[in-house]
Structures are given as C-alpha cells and as structure tokens.
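Visitor: As they're listed, the protein sequences go chains A and B.
Quick note on my numbering: the first sequence kicks off at 1 and runs consecutively.
Quick note on my numbering: the second sequence kicks off at 1 and runs consecutively.
Just to be clear, a hint being listed does not mean it is correct.
For lysine-lysine, the following DSS-like pairs were computed, each having C-alpha atoms within a straight-line distance of at most 30 angstroms [claimed, not checked]: (1) A:Lys119 <-> B:Lys86; (2) A:Lys120 <-> B:Lys55; (3) A:Lys7 <-> B:Lys39; (4) B:Lys39 <-> A:Lys153; (5) B:Lys86 <-> A:Lys55; (6) A:Lys11 <-> B:Lys55; (7) A:Lys120 <-> B:Lys85; (8) A:Lys7 <-> B:Lys55; (9) A:Lys55 <-> B:Lys55; (10) B:Lys97 <-> A:Lys119; (11) B:Lys39 <-> A:Lys120; (12) B:Lys39 <-> A:Lys55; (13) A:Lys115 <-> B:Lys86; (14) B:Lys236 <-> A:Lys119; (15) B:Lys23 <-> A:Lys115; (16) B:Lys55 <-> A:Lys115.
FRET-style restraints, in silico, Cβ to Cβ [what the hints assert, rightly or not]: (17) A:Gly118 <-> B:Gly56: 30 to 36 angstroms; (18) B:Ala14 <-> A:Lys115: 32 to 38 angstroms; (19) B:Gln40 <-> A:Ala79: 55 to 61 angstroms; (20) A:Ala79 <-> B:Ala240: 47 to 53 angstroms; (21) B:Pro141 <-> A:Asn81: 42 to 48 angstroms; (22) B:Ala53 <-> A:Cys40: 36 to 42 angstroms; (23) B:Ala144 <-> A:Cys40: 20 to 26 angstroms; (24) B:Asn13 <-> A:Lys119: 28 to 34 angstroms; (25) A:Asp41 <-> B:Asn13: 33 to 39 angstroms; (26) A:Glu123 <-> B:Thr147: 40 to 46 angstroms.
Because the hints were derived from the structure by calculation, they are not lab data.
Bear in mind the structure is a predicted one, so any value in this text is a computation, not a measurement.
In this text, a Cβ means the ideal position worked out from N, Cα and C, and glycines have one as well.
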Amino acid sequence: MPAISMKVNGKAVSGNVENRTLLVDFIRTNLGLTGTHVGCDTSQCGACVVHIDGKAVKSCTTLAVACEGASVTTIEGIAKNGTLHPMQQAFHENHGLQCGFCTPGMIMASIDIVKRNGKKVSEEVIRRELSQNICRCTGYHNIVAAVQSAAEKM
Amino acid sequence: MENFNYHRPATVNAAAALLKKSKGGSYMAGGHTLLPTMKQGLASPSDIIDLTAIKGFSGITIGKSAVVVKGGTTHMEVATSAAVKKAIPALAELAGKIGGVHVRHKGTIGGSIANSDPAADYPSACLGLGATIVTNKRKIPADAFFTGMFQTALKDGEIITEVSFPIPKKSSHMKFPNPASRYALVGVFVSQDAGGKVRVAVTGAGPKVFRVPDMEAALSKSFAVSALAGISAKAKGLNADMHATAEYRAHLIGVLARRAVEAAK
Chain A
1 MPAISMKVNG KAVSGNVENR TLLVDFIRTN LGLTGTHVGC DTSQCGACVV HIDGKAVKSC
61 TTLAVACEGA SVTTIEGIAK NGTLHPMQQA FHENHGLQCG FCTPGMIMAS IDIVKRNGKK
121 VSEEVIRREL SQNICRCTGY HNIVAAVQSA AEKM
Chain B
1 MENFNYHRPA TVNAAAALLK KSKGGSYMAG GHTLLPTMKQ GLASPSDIID LTAIKGFSGI
61 TIGKSAVVVK GGTTHMEVAT SAAVKKAIPA LAELAGKIGG VHVRHKGTIG GSIANSDPAA
121 DYPSACLGLG ATIVTNKRKI PADAFFTGMF QTALKDGEII TEVSFPIPKK SSHMKFPNPA
181 SRYALVGVFV SQDAGGKVRV AVTGAGPKVF RVPDMEAALS KSFAVSALAG ISAKAKGLNA
241 DMHATAEYRA HLIGVLARRA VEAAK
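Assemble the whole structure, with the sequences as input and the hints as a guide.
Guide: Shown next, in the form of structure tokens:
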C-alpha cells in the first residue's frame with residue numbers, strides 16, 4: 001500500500017493507504033479523528049467538509065493519496081489551547097445545532113465563508129453558500145445567526 | 001469503489017503516456033463526477049491519472065478578444081476572477097452557480113466540459129459564446145465538441161488544455177437549478193457579438209447542450225425581449241424525469257431566454 005504523508009491540524013502525519021482510500025476514511029480510521037462525519041457519502045450533504053490548503057472541500061470526494069504534502073484542517077484543529085474557535089462558540093451560544101451530526105461540516109464551511117466574504121458577510125450570502133451543507137434538525141435559522149455572530153468576532 | 005493504480009504526472013505529455021500505457025485508465029481533475037460515479041460502481045478505471053499536479057494547468061488570461069481559461073482552472077477561480085467579471089460577467093456568474101462552494105473549490109472547467117453532462121453549466125457557455133476547446137492535439141469549435149449525452153468529440157487520451165471564449169458585446173446566463181443537486185433543470189446562455197450576431201445555448205433540457213436557431217435569428221435582428229414573442233421551444237425530444245416534464249422544460253427555455261436577454265450586459 002502506498003505511504004502518504006501530510007499535515008493534519010498542524011502536525012505531520014503519515015500512513016499506508018490503498019489508492020482508493022478517501023481522505024475522510026484516512027482521517028477517521030488511520031488518524032482516529034472522528035469529528036469529521038460521513039453523512040451521505042454521495043457528495044451532497046457537506047458533513048465531511050474539511051479545509052485542504054485553506055479551502056473548504058468534501059473529504060468524502062477526495063482521495064487520500066491526492067493529499068500527499070497537503071495541509072489539512074479538521075474540526076479538531078480549530079480550537080486553540082482549550083478555547084473554542086469563535087465559530088464553535090457562536091454555534092454554542094446561538095444554539096446552532098440539535099443532534100450535532102452536521103455541525104463539524106457546518107462549522108468548517110462557515111469559517112471558509114467568513115474567510116472569503118469578510119466580517120460583514122450578509123445573511124443572503126451565508127444562506128447561499130451553506131446551501132450544500134444539509135441539516136435535518138434546525139431549520140437553519142440559528143445556524144445562520146451563529147455564522148453572522150462569529151463573523152464579527154473572527 | 002474498486003481499487004486502481006494512481007498517478008500524479010507533472011506534464012500533459014506524461015499524463016497522456018500514462019493513459020496510453022494503462023489498461024482502461026481515466027484522467028481525473030477535480031474528481032467530483034468521477035469519484036461519485038466510481039463509488040456507485042458505474043465506473044472502475046484501472047488507473048487514475050490525476051491532472052491537478054501538472055504545472056501551468058490552471059490560470060486565466062484575458063486577451064484583446066478572448067478570455068482563455070486553462071483546463072485545470074477551478075470554478076471558484078473563474079467565479080471570483082475580477083478580470084473575467086469585467087470581460088465576460090456572465091461567464092463568472094455561471095461558474096459561481098455551479099454546485100456549491102466545496103464543489104467549486106475542486107471542479108474544473110476541463111473536467112466539466114469533457115464529461116458533457118446534459119445538465120452541466122459550462123457547456124452552455126462554450127456553445128453560447130462560440131468558444132474554442134483546445135486540447136493537447138488540436139482545436140475544436142464548441143459547435144462540433146458536444147456530440148451527445150456524456151459524449152464529446154474528444155478522442156481517447158486527448159486532454160483539454162484550455163478553453164478560449166470570444167469576448168462578446170453582451171451576454172447573460174440564466175439558470176433554474178434543481179434545488180437539491182444545483183444542476184441545471186434548464187440553463188440558458190445568451191450572447192451578442194460585436195457584429196450583432198446572437199447565440200442562444202440551452203443546457204439541462206435535452207440530451208446535450210443545444211442552440212435555438214429561431215431565437216438566435218430573431219434576436220440577431222433585434223436584441224430585445226419583444227423579439228422573442230411568439231417563439232417557443234418544442235417539448236419533443238427534451239428530457240423528462242421525476243424533476244420536470246419535457247413540456248415544463250420547454251416552457252422554462254422561453255422564460256429563461258427572455259430573462260437572459262433582459263439582463264444581458
């Protein structure tokens with residue numbers, strides 16, 4: 001099996017995977033980082049979103065071997081020294097989750113949205129750009145409120 | 001998903017050589033069609049030749065009369081390019097409507113066009129602007145490129161290296177997305193060139209992207225919504241599925257064409 005190495009949450013990691021191994025499986029199974037979820041496994045729900053070299057992507061539609069040398073950030077890598085990332089804090093304060101299954105993908109996608117659109121990102125842009133992250137509990141209202149609240153603090 | 005040999009060549013020539021040597025290999029760019037297809041067992045290539053590490057395979061050049069987009073350029077790069085927004089705003093808008101953010105970060109123009117999905121967006125920009133598709137072997141006009149559902153004029157092993165879009169006087173893209181997949185239920189791309197000639201290209205409605213000659217002739221005489229009065233698309237031969245009937249799609253072609261003409265800039 002090919003050996004791969006990359007940076008995950010700032011740490012150098014390596015492992016042996018089959019060519020067909022998806023990035024999400026490498027993260028969850030090889031690295032034991034189970035915060036990244038597999039929702040639909042058909043590239044539609046956004047639960048598996050991580051950042052690769054700073055960009056939000058679906059880790060269920062990315063080959064692990066294709067990430068050789070890349071820098072990957074997962075939900076486990078955004079809190080600093082035990083303090084939640086402003087986006088995590090805002091989801092908590094605004095009750096932007098119920099069951100929590102979609103939340104890691106929501107938060108990784110939302111950080112990317114704020115990074116690209118800035119502190120003043122509008123509700124319309126948030127709703128449009130989160131449209132491929134599916135939540136079956138909340139009705140999205142509090143998620144959008146959380147993203148707007150975090151945007152001001154990021 | 002079946003296993004495969006994986007290659008990440010640094011040049012177009014090396015990629016072509018690897019495909020030729022393989023038993024039944026496939027190129028991969030963003031992989032956002034190929035990997036889901038493989039997961040479903042609908043494709044099982046012996047080799048995947050990943051094109052994303054090829055040097056100089058992505059980027060945008062704005063010439064005097066054309067916008068040239070390299071084959072590996074992502075949808076996000078086109079959607080957010082200030083130069084594309086200025087030269088052909090409808091092209092940047094179209095790229096910004098493909099899938100969602102995560103898809104746009106990975107999906108590429110070459111991959112989209114090579115796949116010729118009947119509901120993909122880029123084919124309508126190619127046909128609607130009269131683009132030229134450049135491969136490692138030759139140049140193919142968009143009118144001769146899309147040959148059928150998931151079928152193109154590309155020969156085995158050919159790689160799309162760039163797409164050259166002539167800069168029109170005015171253009172516009174209107175799309176009625178499937179709310180779940182964001183693929184076009186129907187999409188219409190309209191352009192008017194400097195000489196006043198109009199192209200109207202429709203995606204999502206038929207087995208492949210197609211032009212609407214009646215609308216083009218009327219709009220070439222008078223580029224106004226009123227010119228489209230009395231011209232309707234025929235439902236015969238259009239796609240019908242759980243999302244929409246052929247009649248509904250035909251109706252949408254008219255609605256979206258009128259909106260596109262009104263919004264053209």
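Visitor: So, for every hint listed, does it hold in this structure?
Guide: Going through the hints against the structure:
For a cut-off of 30 angstroms, the pair hint linking Lys119 of chain A to Lys86 of chain B stands: about 25 angstroms separates their Cα positions. Restraint check for Lys120 of chain A and Lys55 of chain B: the C-alpha separation of about 36 angstroms exceeds 30 angstroms, so the hint is violated. Of the pairs offered as hints, the one joining Lys7 of chain A and Lys39 of chain B holds, with about 26 angstroms between alpha carbons and a cut-off of 30 angstroms not exceeded. About 40 angstroms separates the Cα atoms of Lys39 of chain B and Lys153 of chain A, which puts this hinted pair outside 30 angstroms; it is violated.
Of the pairs offered as hints, the one joining Lys86 of chain B and Lys55 of chain A holds, with about 25 angstroms between alpha carbons and a cut-off of 30 angstroms not exceeded. For the suggested pair Lys11 of chain A and Lys55 of chain B, the alpha carbons sit about 27 angstroms apart, so the restraint of at most 30 angstroms is met. A threshold of 30 angstroms between alpha carbons decides the hint, and for Lys120 of chain A with Lys85 of chain B the separation of about 22 angstroms falls inside it, so the pair holds. Among the hinted pairs, Lys7 of chain A with Lys55 of chain B is consistent with the structure: their alpha-carbon atoms are about 22 angstroms apart, no more than 30 angstroms.
With a C-alpha separation of about 20 angstroms, the suggested pairing of Lys55 of chain A with Lys55 of chain B holds against the 30 angstroms cut-off. A threshold of 30 angstroms between alpha carbons decides the hint, and for Lys97 of chain B with Lys119 of chain A the separation of about 23 angstroms falls inside it, so the pair holds. The suggested pairing of Lys39 of chain B with Lys120 of chain A is violated, with an alpha-carbon distance near 39 angstroms, which exceeds 30 angstroms. With a C-alpha separation of about 24 angstroms, the suggested pairing of Lys39 of chain B with Lys55 of chain A holds against the 30 angstroms cut-off.
Our distance criterion of 30 angstroms between C-alpha atoms is met by Lys115 of chain A and Lys86 of chain B, whose separation comes to about 23 angstroms. Between Lys236 of chain B and Lys119 of chain A, the direct Cα distance comes to roughly 50 angstroms. Violation of the 30 angstroms bound is thereby established for this hinted pair. Only pairs whose Cα atoms come within 30 angstroms are accepted, and Lys23 of chain B paired with Lys115 of chain A is rejected, the gap being roughly 44 angstroms. Taking the CA atoms of Lys55 of chain B and Lys115 of chain A, the gap is near 27 angstroms; set against the 30 angstroms cutoff, the hint holds.
Evaluation of the 30 to 36 angstroms hint for Gly118 of chain A and Gly56 of chain B yields a pass: the beta carbon distance comes to about 31 angstroms. For the hinted restraint 32 to 38 angstroms between Ala14 of chain B and Lys115 of chain A, the CB-CB distance of approximately 35 angstroms keeps it satisfied. For the pair Gln40 of chain B and Ala79 of chain A, the beta carbons lie near 36 angstroms from each other, so the given range of 55 to 61 angstroms is not met. At about 50 angstroms, the CB distance of Ala79 of chain A to Ala240 of chain B agrees with the hint of 47 to 53 angstroms.
For the pair Pro141 of chain B and Asn81 of chain A, the beta carbons lie near 59 angstroms from each other, so the given range of 42 to 48 angstroms is not met. Look at Ala53 of chain B against Cys40 of chain A: about 28 angstroms separates their beta carbons, and that is not inside 36 to 42 angstroms. Between Ala144 of chain B and Cys40 of chain A the beta carbons are some 38 angstroms apart, a value that contradicts the proposed interval 20 to 26 angstroms. Taking 28 to 34 angstroms as the suggested C-beta distance range, the pair Asn13 of chain B and Lys119 of chain A does not conform, at roughly 46 angstroms.
The beta-carbon spacing between Asp41 of chain A and Asn13 of chain B, approximately 36 angstroms, falls within the hinted interval of 33 to 39 angstroms. Here the CB-CB span from Glu123 of chain A to Thr147 of chain B is close to 44 angstroms, well matched to the stated 40 to 46 angstroms.
Hints 2, 4, 11, 14, 15, 19, 21, 22, 23 and 24, counting from the list given before, are not met by this structure.
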